[in-house]
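Chemist: The residues making up each chain are set out below.
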Amino acid sequence: MSPRYTALMASLPPLGRLFEAREPAISRLKLQSRLSLLHPADRHSLDRAIGILSQGLVGDAGAAAVRGDALLLADAQRFFEEVHHPLLRQLVRHRLDLRTTIAALRRRHRGELEPPHDQAWGFGPLLPTIERHWLDPNLGLAGVFPWIGEAAHLLENTDLIGLERLLFGLIWRELDRLALGHNFDFEAVVIYLARWSLVERWSNYDAATAAARFGQLLAAGLGPFRDPLALGLAR
Amino acid sequence: MNDHLSLTVLGWIGIYAPVALGAIGAAVGCTIAGQAAIGAMLEVNSGYGRFVGLSALPSSMSIYGIVVMFILNRSVTPINAGGLFGIGVLAGVTFLVSAVYQGLCCASAIAASKSKPEIFGLALAPAAIVEGFAVFAFVFALVAAGGIPAT
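Chains Y and F, in that order, are what the protein sequence lines are.
If you count by my numbering, then the first sequence holds residues 307 to 541, one letter each, in order.
If you count by my numbering, then the second sequence holds residues 358 to 508, one letter each, in order.
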């Protein structure tokens, strides 16, 4: 335990419960300023983990789609070669297991009758089990992930918000488990950041903002389009 | 001759151990709690004094060590060396460990009460309980020291 992490943890406000906060208890700017207390080596490991953890869990949109699954998986491979911190590895492994499972459910949901053979699509020790039990409703993982039935049901009903909520809850509980015995050390800082990231993402889900963003994307996609009928009327 | 010398050394170690170990523990405990106090000061706009005051709580362990040393302080002979070593070293280890863990309790109390000032008093309870165990060791070290021959 380093005294610098005692000061850092004591300077961070409590985050509260996951789905209750309307905004994170500390702003991104302020948090980044506090993280200057991190040891440079720890900061480097943390940044590598954040690069993977910050990828979306459910949606195809966003950074994950832009970079592609193959890039993300190569990034994860490099992370496990470079970073040896047990908690960071555990966090990234857990997140990749979730992503792989959800990716398999989504592919099956959109009609793929067998796992992809010509591209990298998942990561970790669960991959062979998933591929063997592709058509099993629970992908053969009901014993490992008791929640998988509920996730598959939410996906069938295209309740993506419900699915995201379920996954956020799972990650939050995993963080609760990992946080035991860590109050003022680097592990505590990592767990705080992982929680802050969940709270921030959940509190940013906003229907009005999403509609505005959709409008912007639509306008950008259509370009300088002019409605000929409207022009005809003008004449 | 060698046995006599060894016993004398052990006796002197026993006399000074409570101060040395208590001071080491107090330094570590105060560092832990002090860092937490500094961190909390970044987050709050008032009440700095009580955080700093709380972070000094583990320093009491070095005071207990000084008192035990004064009680044990006497001419060391082969007859009393064993008693001095046993009581002094065990009391010192107790003060050291208590101070470190009390520092952690104080750090948690500071971190918690910066957001909820109303729990400040209650948050002190774990640190006070640790202090209580150290006081047990302190009082009974004094009692046991009464049975050690003066020479």
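Just so you know, these hints were derived from the structure itself, not from any lab.
Be a bit skeptical, because a hint or two may be false.
[Said to hold, decoys possible] Now the in silico label distances, taken between C-beta atoms and shown as ranges:
(1) Y:R395 to F:P474: 34 to 40 Å
(2) Y:A448 to F:V492: 28 to 34 Å
(3) F:P474 to Y:R483: 29 to 35 Å
(4) Y:S333 to F:R407: 22 to 28 Å
(5) F:R407 to Y:T435: 38 to 44 Å
Bear in mind the structure is a predicted one, so any value in this text is a computation, not a measurement.
Where a beta carbon is used, it is the ideal one built from N, C-alpha and C, also for glycine.
Chemist: A separate judgement is required for each hint: does it hold in the structure or not?
Modeler: Now the hints, each set against the structure:
The hint said 34 to 40 Å for the Cβ distance between Y:R395 and F:P474, and at roughly 39 Å that hint holds. Separation of Y:A448 from F:V492 is about 55 Å and departs from the stated range, judged on CB atoms against 28 to 34 Å. For the hinted restraint 29 to 35 Å between F:P474 and Y:R483, the CB-CB distance of approximately 30 Å keeps it satisfied. In this structure the supplied range 22 to 28 Å holds for Y:S333 paired with F:R407, their Cβ-Cβ distance being about 27 Å.
A hinted range of 38 to 44 Å for the beta carbons of F:R407 and Y:T435 is inconsistent with their spacing of about 55 Å.
Consistency note: the structure conflicts with the earlier hints numbered 2 and 5.
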